[in-house]
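Undergrad: Sequence:
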Amino acid sequence: MVQNEDVIIREYNDLPRIKKRDLDGYVKFEILQDIPINLDDFIIKYKVLSLGKNKMDLQVILFPKEIEKICSDIAKSLNIKQKYLNMNFDIVQKLIDREKINLKSNNCIVLENLDDVIILNSVRNKKVYTSSVLSKEKNTDYIISLLDKEKPLFYYGKEDEFITQIKENGFKVDKLNTRLNINYLCPNKIVDTFDNKHLVNIGVVI
Numbered sequence: 001m002v003q004n005e006d007v008i009i010r011e012y013n014d015l016p017r018i019k020k021r022d023l024d025g026y027v028k029f030e031i032l033q034d035i036p037i038n039l040d041d042f043i044i045k046y047k048v049l050s051l052g053k054n055k056m057d058l059q060v061i062l063f064p065k066e067i068e069k070i071c072s073d074i075a076k077s078l079n080i081k082q083k084y085l086n087m088n089f090d091i092v093q094k095l096i097d098r099e100k101i102n103l104k105s106n107n108c109i110v111l112e113n114l115d116d117v118i119i120l121n122s123v124r125n126k127k128v129y130t131s132s133v134l135s136k137e138k139n140t141d142y143i144i145s146l147l148d149k150e151k152p153l154f155y156y157g158k159e160d161e162f163i164t165q166i167k168e169n170g171f172k173v174d175k176l177n178t179r180l181n182i183n184y185l186c187p188n189k190i191v192d193t194f195d196n197k198h199l200v201n202i203g204v205v206i
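If you use our numbering, the sequence shown corresponds to residues 1 to 206, in order.
Think of the hints as simulated: they come from the structure by calculation, not from any bench.
There may be inaccurate statements among the hints.
[To be verified] DEER-style ranges, computed between Cβ atoms:
#1 D34 with I67: 16 to 24 Å
#2 D73 with K149: 42 to 50 Å
#3 G170 with K104: 14 to 22 Å
[What the hints assert, rightly or not] Straight-line distance between alpha carbons at most 25 Å, and here's what the computed SDA-like set of lysine to any residue pairs gives:
#4 K69 with D90
#5 K94 with N139
#6 K127 with N38
#7 K151 with E99
#8 K45 with I61
#9 K158 with N139
#10 K53 with N107
#11 K104 with D22
In this text, a Cβ means the ideal position worked out from N, Cα and C, and glycines have one as well.
Using the sequences and the accompanying hints, generate a full structural model.
TA: Set out below in structure tokens:
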């Protein structure tokens, strides 16, 4: 599982519908129009978020080859067979697809609240469109400015002063409800706290 601000995630809306065989070249063209980077330094992945008669929405992910090599080297040194390299939003999407979390809304914002950063996932039609890693230090006002009071807001991870500040700014933020049968892992009294705090870790192995 990877959480890193160097991973670039872009959403491209209302693009002309392109034939599948032409998508690779078209995606690279759109990236270079948007970001001045060397594409040779990245692994490029993309998925179609919505498909209309003449238009489509794409999500593009640029994963640094340097990070992939580090993860691969670690796996080899530990004699671990590398199968998947998951990022946080991949795991959130997997949990949504497998109906392991109850969003109560197809369009919402899901926050992962960690010690030093918060990961903001924007969900539309049960698809994670964008995922941003933001430092919490001295950035509370900026992060709150990215939220939308019209959208349901859910969180998992730490329940700390940051969540309190969001509530004090008039947002209704609810703990993310899960549909995980993990009662055997810990006493019933703390099972909700356990699966909420360690949701991504659990998602890796589901």
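Undergrad: Each hint needs a verdict: does it hold in this structure or not?
TA: Cross-check of the supplied hints:
Between D34 and I67 the beta carbon distance is about 21 Å. The supplied range of 16 to 24 Å therefore holds. Take D73 and K149: their Cβ atoms lie about 45 Å apart, and the range 42 to 50 Å holds. Between G170 and K104 the C-beta distance comes to about 19 Å, which sits within the given range of 14 to 22 Å. As the CA atoms of K69 and D90 are separated by approximately 19 Å, the hinted pair is consistent with the 25 Å bound.
About 29 Å separates the Cα atoms of K94 and N139, which puts this hinted pair outside 25 Å; it is violated. A C-alpha spacing of about 28 Å is found between K127 and N38, which places the hinted pair above 25 Å, so the restraint is violated. Our distance criterion of 25 Å between C-alpha atoms is met by K151 and E99, whose separation comes to about 20 Å. For the suggested pair K45 and I61, the alpha carbons sit about 5 Å apart, so the restraint of at most 25 Å is met.
For the hint linking K158 to N139, the alpha-carbon distance of about 17 Å falls within 25 Å, and the restraint holds. Of the supplied pair hints, the one linking K53 and N107 holds, its CA atoms being roughly 23 Å apart against a limit of 25 Å. For the proposed pair K104 and D22, the alpha carbon gap of about 37 Å is over 25 Å, so the pair is violated.
Of the numbered hints given earlier, the model fails hints 5, 6, 11; all others are met.
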